[in-house]
Structures are given as C-alpha cells and as structure tokens.
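Colleague: Per the working numbering, the sequence shown starts with residue 144, numbered consecutively.
For the record, the hints were derived by calculation from the structure and aren't laboratory data.
One or more hints might be untrue.
[Claimed, not checked] Below 30 angstroms or equal to it, Euclidean Cα-Cα: the simulated DSBU-like pairs (lysine-lysine) are:
id: 1; residue 1: K294; residue 2: K337
id: 2; residue 1: K280; residue 2: K337
id: 3; residue 1: K337; residue 2: K285
id: 4; residue 1: K337; residue 2: K302
id: 5; residue 1: K387; residue 2: K294
id: 6; residue 1: K302; residue 2: K285
[Stated by the list, open to error] Here are the computed distance ranges between Cβ atoms for each label pair:
id: 7; residue 1: P154; residue 2: P247; range: 40 to 50 angstroms
id: 8; residue 1: E353; residue 2: G204; range: 21 to 31 angstroms
id: 9; residue 1: W320; residue 2: F165; range: 13 to 23 angstroms
The C-beta atom is built at its ideal place from N, Cα and C for all residues, glycine as well.
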Amino acid sequence: IGSDGILLVVPGENADFGVRIFNPDGGEAEKSGNGIRILAKFLWDHGYAPRPDFTIATLGGLVRARLDVEGKRVRMITADMGRATFVSEEIPVAGPRREVVGEPLLVDGERLIVTCVSVGNPHCVILADSLDEARVKRLGPKIEHHPSFPKRINVQFAKVLARDRVSIMIWERGAGWTLASGTSSCGVVSACVKNGLTDRRVTVQSPGGELTVAVAANWDLTLTGPVSEIGRGTLSADLVEGLKR
144 IGSDGILLVV PGENADFGVR IFNPDGGEAE KSGNGIRILA KFLWDHGYAP RPDFTIATLG
204 GLVRARLDVE GKRVRMITAD MGRATFVSEE IPVAGPRREV VGEPLLVDGE RLIVTCVSVG
264 NPHCVILADS LDEARVKRLG PKIEHHPSFP KRINVQFAKV LARDRVSIMI WERGAGWTLA
324 SGTSSCGVVS ACVKNGLTDR RVTVQSPGGE LTVAVAANWD LTLTGPVSEI GRGTLSADLV
384 EGLKR
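Turn these sequences into a full structure, and let the hints guide you.
Modeller: Laid out in structure tokens, this is it:
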C-alpha cells in the first residue's frame, strides 16, 4: 500500500496519549498535522478516546485534537498545532539570530526567496507565480539537505490564489514528494500571513486534497480537515517478533 509514515501510540507525558512518528527513511519526525488527525480518528473509532476532545504529546509539543462527530461518524477533525516561529535558531537555520523572512537562498545555481518557519518541525516556503512538479522534485531534495538547515527541512512551493486560498506542492523531509501535509499547510499559511499575502484563515489546496489553517494574532495555529479510513490489516506474529530483534 505504502504510506508517508508510521504512527506508534505510546503513553503521553502530561497528555491523554503520546505518539512517535517515523518517516519512510527511518527518521523520526517531531510532528505531523495529518498524522495527528489520523491518529485522533483511530483512537475514537476504536474506543480508546473517552471523549471527542483530547491531547496528544509529540516530540514537537502538545497537540489538542477536537473531533466533529455526527452519530458515530467523524466528519472533521481540528488539531491545535502550536505556535509558529520564524526565529532562525528555533527552526533551525544557520547564521545569526534573526527572523528568516524573504531571504535569498542559492540552490543549484538558482536564487530562491524563502521564508522559513517552525510549527514544531521546520519548513522552508518558496512563494511562486506557478507550481511545477518537476521543479519541486528537482529542487526539493537539494533544499532539504542545504547546509543552511542543520537538521534538514521540509520544503513547500506555494502559489497564492486569493486572500483565503493557496495552492502548494510539497517535498517532505525524510519522505520526498508528498501529496498532502498538515504541518506543511500550517507552515505555508504562516509564511503567507507573515509576508502580508493572505488573511489569517486560509484553505490550502494540495494534490492530496484541501485543509483549512487558521493563524491567531499570537501565531497559534489550528488545522482542520476530513480523515478517511482506507483499510485495515494485521501484522503476522512472525513479523512482529522479527521487528523486536
């Protein structure tokens, strides 16, 4: 089937639940907006969550999930994603302490203007007049591994369609070309607001669907969208034992 990652439910410190998030390359991610919403639906559907409003501890901070439930069906899930920061050492970005907004970055002989932001994990946003998948796949890995980003970085190319709508393409750290990403959506909208290009509530279009991001005056973020189950499976006992070795 394939996936963008694996979520492991663990005890949560000062939270109702905890989660560890692993990318396809084996690296551990600090936070995943879509992963949190997927996990929230799983916990509710399987009876682990006693109420439709609970907290999940991630490496990137505490996240609150709120489920819009109609009958037994989860319609939409909103996750409080923490606070955006553009401060270089908090992302991190190499160089002196500063807000990384509208800075030039030389990549593969091309001068890109980037805004970098952390929403619990790091993002490099390039605002563009048009989006090209081949260009994203060519430049994405080079930006991800650029020496300016000591912990590597997630990459988004974004086009502003209106004050309340943007379109994005994503190169995810440790995963590569990705159809949708909740934290990427949060990073892009934060960057657009910081640059004065959009309002504070924006619908984000990506190849995998649409999400809504709201940015508060203090840069607190909420992420809202649907979650659909695509299947269930069972890992054999032999495989599980092998993974323990």
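Colleague: Between P154 and P247, is the Cβ distance one that fits in 40 to 50 angstroms?
Modeller: Given range 40 to 50 angstroms: holds, Cβ gap about 45 angstroms.
Colleague: Is the hinted pair K280 and K337 satisfied, with a Cα-Cα distance of at most 30 angstroms?
Modeller: 26 angstroms, holds
Colleague: Can you confirm whether the C-alpha distance between K294 and K337 stays at or below 30 angstroms?
Modeller: 23 angstroms, holds
Colleague: Hey, K337 versus K302, does the alpha-carbon distance stay inside 30 angstroms?
Modeller: 15 angstroms, holds
Colleague: Are the Cα positions of K337 and K285 separated by 30 angstroms at most?
Modeller: It holds: about 25 angstroms lies between the C-alpha atoms, which stays within 30 angstroms.
Colleague: With a cut-off of 30 angstroms on the C-alpha distance, tell me whether K302 and K285 pass.
Modeller: Since the Cα atoms of K302 and K285 sit roughly 20 angstroms apart, the hinted pair holds (cutoff 30 angstroms).
Colleague: Should the hint that W320 and F165 are 13 to 23 angstroms apart at their CB atoms be regarded as holding?
Modeller: Cβ of W320 to Cβ of F165: about 18 angstroms, so the range 13 to 23 angstroms holds.
Colleague: Assess, step by step, whether the Cα of K387 is no farther than 30 angstroms from the Cα of K294, and give holds or violated.
Modeller: Since the Cα atoms of K387 and K294 sit roughly 28 angstroms apart, the hinted pair holds (cutoff 30 angstroms).
Colleague: Taking the CB of E353 and the CB of G204, does the distance hold inside 21 to 31 angstroms?
Modeller: 25 angstroms, holds
Checked against the numbered hints given earlier, the structure satisfies every one of them.
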